[in-house]
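2 protein chains.
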Amino acid sequence: MTLTNTFKKVKAASKTLALVSDTVRNDILNAVADAIVAGKDTILKANAADLEKAGKDYAFYDRLLLTPDRLDAIAADMRHVATLPSPLGRILKDRTLDNGLHLRRVSVPFGVIGMIFEARPNVTFDVFSLCFKSGNAAILKGGKEADGTNRAEVELIHEVLRRYNVDPSVVELLPATHEATGELLTAVGYVDLCIPRGSKRLISFVRDTAKVPVIETGAGVVHCYFDESGDMAKGQRIVDNAKTRRPTVCNALDCLLVNRKRLADLPQLVAPLAAKGVRLHADAEAFEALSGSYPESLLEKVADDNVWGTEWLSMQMGVRTVGTVDEAIAHIDKYGSGHSESIVTEDKAAARHFEDMVDAACVYVNAPTSFTDGAQFGLGAEIGISTQKLGARGPMALEEMTTYKWLIEGNGQIRK
Amino acid sequence: MTLTNTFKKVKAASKTLALVSDTVRNDILNAVADAIVAGKDTILKANAADLEKAGKDYAFYDRLLLTPDRLDAIAADMRHVATLPSPLGRILKDRTLDNGLHLRRVSVPFGVIGMIFEARPNVTFDVFSLCFKSGNAAILKGGKEADGTNRAEVELIHEVLRRYNVDPSVVELLPATHEATGELLTAVGYVDLCIPRGSKRLISFVRDTAKVPVIETGAGVVHCYFDESGDMAKGQRIVDNAKTRRPTVCNALDCLLVNRKRLADLPQLVAPLAAKGVRLHADAEAFEALSGSYPESLLEKVADDNVWGTEWLSMQMGVRTVGTVDEAIAHIDKYGSGHSESIVTEDKAAARHFEDMVDAACVYVNAPTSFTDGAQFGLGAEIGISTQKLGARGPMALEEMTTYKWLIEGNGQIRK
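Residue numbers (this note's numbering), protein chains in the order written: chain S, 9 to 424; chain Y, 9 to 424.
Bound-form chain S, shown alone (with noise of 0.2 Å):
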């Protein structure tokens, strides 16, 4: 292991961090922002040397820009990280025992992060200020295409950490290479957490390798199913917003279940859809309901089952037919990633049962899944939406990056 330097000097200073109080941490999320806006020029001109090299596909092109603009609103987010309760040192229990043995559970760090991220450089901001406020070190890998311009982030972050007598090692970045992210995800008894953003290959590449404990975040296969029962109005606001919104990100809709008894109202549901360019792979039932409505250049008949389980990212929707409630559920539960799912239903049993059996992060009812966020859940920032089961799930913010410990004070008790 060529970094494990690297990964020793991240574990010591992450003890240090227990020293830092809030205060000091708040103040000095408030100095990078500082140091942000005034080092603007460095930035950018990091930023401009990658971007030169990113070639001309815009969406790749857009994520890697920064602008003077983006760079305030990043130094906002983190002067606004600064103004959120600390996540640690929360009691989670309170008990005295009979015998006067004080018990507490307690939030505390998890101790280092590491955070495996693509080409998005707003991300080692966001990645330092929510691991540096929950009193985690960090450890960055990120994008190749973007590492002149993490490299340039985090010295100015180490910049303000030495004035502040912190340990600059409580945030580092590793060389964006590919050895790099599987000596990250093998780091046993360095790395407390490993949590990985970014495309379904990574997060297949984490499974197989990761012998360090991982939080798999953002993959994301979402359905909404409209129920016999669905509200017209209120399933085509839930429709269009869910898939429309921001087709890009993880908790856009992927696929419409519509019931059998609503396929004449199908043309009336997803019209806003066709308007925005919405591309529908329907199943044959639909197909032939929406024939003649939607426009034919934007509808699709399903030819297989290899449409079902596409997370789009795109203007495009699986659209198929179910019978039932359970029906619904069934295919959700094949296909589904986790992460988010709704119901358009009028009946109350009937949200009550896909509440109970849909086994995801977040669970709707009469509402889009596109407010799978965690400053729309009223968590603060985040750093991600956890797919799976242990430890966090859906939006990840400073309290799901937080582990406890249990504190028992006594006073020379014994047990029997």
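These are computed hints drawn from the structure, not numbers from a lab. Just so you know, not all the hints are guaranteed correct.
Note that identical chains are pooled: a pair holds if it fits in a single copy or bridges any two copies.
[Claimed, not checked] Okay, derived cross-link-like pairs now, PhoX-like style, lysine-lysine, Cα gap no bigger than 25 Å in a straight line:
no. : residue 1 : residue 2
1   : 61        : 219
2   : 219       : 208
3   : 152       : 61
4   : 219       : 23
5   : 16        : 152
6   : 356       : 23
7   : 23        : 342
Chain Y: place on chain S using the hints.
Below, chain Y without anything else, positioned relative to chain S:
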């Protein structure tokens, strides 16, 4: 994978558990307890056959042995679990957003829990009761020496489940082979959480093999630091209780760290251990301090550092001299397993510093680590002691066998 059909059956059965109320769950647990008492002969016959093959190692034989009294105790434990509050459906957060969306974070089962354990036939009933009460299906992989007993036990449980029209596949016992362990640990999509209980060797195999989320339990390299200001009477009781109450369990003391300024008091501190035959492995300074007072036949000078970090599970203990509380913390950081650690001190600042800096599930001040136990903590029955930070940490009782989901109820709101 030869066990895929079993995994599928259990996963399907786990879904049906959501439809079983807590009252019915408790009825079934009581009915299984009745069946254990009524079916003693069958279980004891199977156990006798296992014992015959087991050989003469007393400790091993005793762990494997069931008796009518032990079965009564197991049945009583199961009835006790039935009296505990359900860990499901707890509202962990509840808020209504300004836009009227109603958010609840609600505790739910993991789904399917895989349990790997060695030749202790009481574990089968324990695990079943805790999984069933917490709404989880269980896939058991027991030790081969107890396989006949385990099969008789699971058959008994299946009979009761059938009587209550619950899918018996909510608990299944895998073949007692190494291959089955491997399949269980890689059953992605079928197993939501795997909890291995057993030796260091098993834990290490799990770490190398697992592709499903795992909670590591059981390995306890446990320290007690006797501080400069430690009270002798408390220290004697605490060290004695932590070391000798049950030396074979994971919370038993493995290493006493003594402040150099209290070396003269060391003979008195460990005096209660001599009568019980505890063999001490002491560093040079501690060896010198103990020579002449501690029985020569039970005292050994440590030749190399291999002694530190040993989990003895027997009447042996390391003794090491340190200069400060920070040296004690550094030793624990290097050699501890994150299970249970303690300090004996009258110095409040030292106690606080130890609590803040020691990274372990349970940190004790003036109390012995022998208290690390779900029932002692007032959590009810436990399935194990987690030494990791993701998910449960410390004693895992019913609440720790649940995850949560977010339920979001609206009325057609959309996100801007």
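Taking the hints in turn, this is what the structure says about them:
no., hint, verdict
1, 61 / 219, "neither (34 Å within a copy, 37 Å between copies)"
2, 219 / 208, "both (19 Å within a copy, 16 Å between copies)"
3, 152 / 61, "within (11 Å within a copy, 60 Å between copies)"
4, 219 / 23, "within (22 Å within a copy, 30 Å between copies)"
5, 16 / 152, "within (23 Å within a copy, 41 Å between copies)"
6, 356 / 23, "between (51 Å within a copy, 21 Å between copies)"
7, 23 / 342, "between (43 Å within a copy, 13 Å between copies)"
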